[in-house]
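> Here is how the chains run, residue by residue.
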Amino acid sequence: METLLDLEALESGYGLIQVLWGSSLSVCRNQSVLLLGINGAGKTTLLKTIAGLVPTWKGKIVFDGVDLTRLKPNLRIAHGIGYMSELGMVPNLTVEENLKLGGYFRTDKENRKRAGEMFDYFPDLKAYPKRMGGALSGGQRKMLGVAKTLMSMPKLVVMDEPSSGLSPKFVKKVIEVLKFLHERENLSMLIAEQNVSFLDFAQKIYILDKGQVTFGGDVEELKGNDTIRETYFGISQTVRSQPPSPVGETP
Amino acid sequence: MRRRYLQALSVIILVAVVFLLLPRFYSNQSFLFNLMLYLGLAEGVNIIYGFTGYLPFGYVGFFGAGAYGSAIAITFWHISPFVCVILGGMAAVATGIVLIPLLRLSGAYFAIANLAASQALYLIVANPTMEKITQGPYGIDLSSVYNADAGYYTMLAVLVFAMVVVAYIRNSDFGLSLLAIKEDRVTASLAGVNVVRARSIAWMLSAFVAGLCGGAFGWFTAVFYPSTVFSLDVSVFTIVFALFGGVGTLAGPLLGALLLYSMYNFIGISTPQYFQLFYGFLIIGLVLFLPDGVASILQKGKVYVP
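If you're matching them up, the sequences are chains A and B in order. Using my numbering, the first residue of the first sequence is number 685, and each one after it goes up by one. Using my numbering, the first residue of the second sequence is number 985, and each one after it goes up by one.
Just chain B, same shape as in the assembly:
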């Protein structure tokens, strides 16, 4: 067990050092930030989908709640943006608590209900009558606290936090109980697992990670709109990245996000007209030939993936 924790720690340190040093050699900070953002979000999806089997198509709802929670705190309370990012995470957790009853559903029903909830949240935030609080559809301007470097390193801290959470879940009894819930809730409860509590904790941890990512995103970009932070593309990309790498592991979603987001940028810039086609084929191929992700290739070869 100690060896597994050390392997996970090596992955976390490697990723942290790479993103700490990369800005010195690669000047596109925006690309690096977005890459970290998707790595963090993919790990967040991993917590709830990889370990409990709930597919959160409305995951962007937590991201948006985090972005707006953080931005509102900055706007109204004028406190440190770093603290506001944490408050953004807590706003997402509060949203998660409201949505806990959805966990009674399963499969497609959960995915659809979750998606609907995120869109409902989007419509509430973007409603012109909410202008005094959320600025409605006109977006939020945080240029008074804009600090790209601080936002970048805050995102790095969020990513490290997300990886630590996943590493803990992957190697702990709590993670084992979540895997048992994913497989068979009845068997899990008959082993003494408090199913409702365990899956709610996983749900809220997942929401917290997305909320922190949203908060960091808001600070880094300074100006954003409801349509940006509640865009379904965020959910779709995050889920595809996590699935491509292989959920249920620490390294899988990192690998998936790294490969696909880099590819996304490469194709999106060089041949944007083929981007949708390429991604469509990629998703079909993933479902048909690699349902358990890239990590499963190694696992089939008896290689342990942290």
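So that you can see chain A by itself, here it is in the shape it has in the complex:
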């Protein structure tokens, strides 16, 4: 598979605090990649570094053969990276305006056509084109965030915790939507999450821990790794295979 995004030994942080310590990962074309990590692992910082919101101290960001390391965020977006933050949309703009903002680089004609496609994907949004983003439900806001990101027809969609603040029912719906879009639009995706439900959808998984990538592989490899399974699933193969100790007996 052809590599679309390649991060080489990325180091970055905020002020004097270093968060990423030589993180490397890659995303291939039409591949869905999940970046797992606990709170404070550096997932958001990594995504922000890709988008240019946090400066790169060391290392290289190559996207579609172009070195983006020193480019400003708006130029990275223009190269075809779609970034969806946790909020994802602008609350004080209407659904239509949010979509228009998402297609900032596109012509009005292209935007109208694309907005029509987004309304077909997300019928909930079609019902409220003039409603303020902030007046939508949590799930609808996420959908608007996804739709806004897709308006620019990005080559790679980068998402920061799309499940945050959503009930399990909506998380399932978000995963279904992302699966559908991945297949329908042949999207490449890099999703930072701590919710393991997203494993169903990922073709490749990276684990980020203390600013370093500690694992890279597919779901089967991940499930075969005891340490990771214990951290993310809360169970260990060894413990599960042993019968529980009788009450009162010293184990």
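One thing to keep in mind: the hints can contain errors.
Stated by the list, open to error - Capping the alpha-carbon separation at 27 angstroms, the derived lysine-lysine pairs in DSSO-like fashion look like this:
no., chain 1, residue 1, chain 2, residue 2
1, A, Lys-814, B, Lys-1286
2, A, Lys-756, A, Lys-742
3, A, Lys-894, A, Lys-907
4, A, Lys-793, A, Lys-810
5, A, Lys-863, A, Lys-853
6, A, Lys-810, A, Lys-853
7, A, Lys-744, A, Lys-894
8, A, Lys-856, A, Lys-810
9, A, Lys-894, A, Lys-742
10, B, Lys-1116, A, Lys-814
11, B, Lys-1284, A, Lys-810
12, B, Lys-1116, A, Lys-810
Stated by the list, open to error - If you only want the chain B side, here are some residues facing chain A, beta carbon under 8 angstroms, derived:
no., residue
13, Ala-1097
14, Gln-1119
15, Pro-1121
16, Leu-1163
17, Asp-1168
18, Val-1170
19, Val-1177
20, Asn-1178
21, Ile-1185
22, Ser-1211
Note that these hints are calculated values from the structure, not bench results. Beta carbons: idealized from backbone N, C-alpha and C, even for Gly.
Please build the complex by placing chain B on the supplied structure of chain A, with the hints as guidance.
Frame of chain A, contents of chain B only:
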């Protein structure tokens, strides 16, 4: 979108025709000029505050820079006052460019720094050592080119220009990008908006409008002092007018300036002793009950305000 532009155009034409014809029926040209001046300034504040969220308490600095830039050009170069008004606008833009680093600040910090910058400019202009250029604290006399009618219609042209700029911003992708910046700079940049460039353009457009107003004011009044054109009252009135009407729209600041400036004149003449009290209560009421201005009442009723 075309309908919205037509609605904005109707407002602009209405205002222009009213101020074009009013002098025939109402002889207080000074009142009409000052009303237009505040309408223009309120639209200028609207550009930077209504669309990007930067509250320019030192907005009068641009007004003063425009008045002095224009007056100095008239005094030294003896060229058409109309051209000098445009040069006044450019002097304000030059001031705006110098102050662009202030846009890195936000909220109260920006407002305070902006206020301090305008007062610094005032002190420079009013300094006796600047007498050869600005006449220092003694004021500038432009009576050699005094032409009240020309000044009046120049102000009308400036007002139309300010309204056209706001109408464009209100209905364009550029305006949408500014609103996104106002809401969340990060989200705006992640949509591909060049945040620094967009807000700098808005800042300079706002400065240009204030500078043009200052230039027209100088020509119309002919004699003015640094304390007049750098008076903080100009900033306060302009901001209150714009807020009262409702920023982020074309019609809101016009409505605010029209209502409050008329009221200001009425109370200031009939019962001047109550003026400060009345305005104080008005500002408190505005903040408490109508933070988004008069236009928001209509907007809540699903009425589109151009």
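> Indicate, hint by hint, whether the structure satisfies it.
Okay, the hints, checked on the actual structure:
{"no.": "1", "hint": "Lys-814/A <-> Lys-1286/B", "result": "holds, 10 angstroms"}
{"no.": "2", "hint": "Lys-756/A <-> Lys-742/A", "result": "holds, 16 angstroms"}
{"no.": "3", "hint": "Lys-894/A <-> Lys-907/A", "result": "holds, 21 angstroms"}
{"no.": "4", "hint": "Lys-793/A <-> Lys-810/A", "result": "holds, 18 angstroms"}
{"no.": "5", "hint": "Lys-863/A <-> Lys-853/A", "result": "holds, 16 angstroms"}
{"no.": "6", "hint": "Lys-810/A <-> Lys-853/A", "result": "holds, 21 angstroms"}
{"no.": "7", "hint": "Lys-744/A <-> Lys-894/A", "result": "holds, 19 angstroms"}
{"no.": "8", "hint": "Lys-856/A <-> Lys-810/A", "result": "holds, 21 angstroms"}
{"no.": "9", "hint": "Lys-894/A <-> Lys-742/A", "result": "holds, 17 angstroms"}
{"no.": "10", "hint": "Lys-1116/B <-> Lys-814/A", "result": "violated, 58 angstroms"}
{"no.": "11", "hint": "Lys-1284/B <-> Lys-810/A", "result": "holds, 22 angstroms"}
{"no.": "12", "hint": "Lys-1116/B <-> Lys-810/A", "result": "violated, 66 angstroms"}
{"no.": "13", "hint": "Ala-1097", "result": "violated, 22 angstroms"}
{"no.": "14", "hint": "Gln-1119", "result": "violated, 45 angstroms"}
{"no.": "15", "hint": "Pro-1121", "result": "violated, 45 angstroms"}
{"no.": "16", "hint": "Leu-1163", "result": "holds, 6 angstroms"}
{"no.": "17", "hint": "Asp-1168", "result": "holds, 6 angstroms"}
{"no.": "18", "hint": "Val-1170", "result": "holds, 6 angstroms"}
{"no.": "19", "hint": "Val-1177", "result": "holds, 6 angstroms"}
{"no.": "20", "hint": "Asn-1178", "result": "holds, 5 angstroms"}
{"no.": "21", "hint": "Ile-1185", "result": "violated, 14 angstroms"}
{"no.": "22", "hint": "Ser-1211", "result": "violated, 39 angstroms"}
When held up to the earlier numbered hints, the structure conflicts with 10, 12, 13, 14, 15, 21, 22 and fits the remainder.
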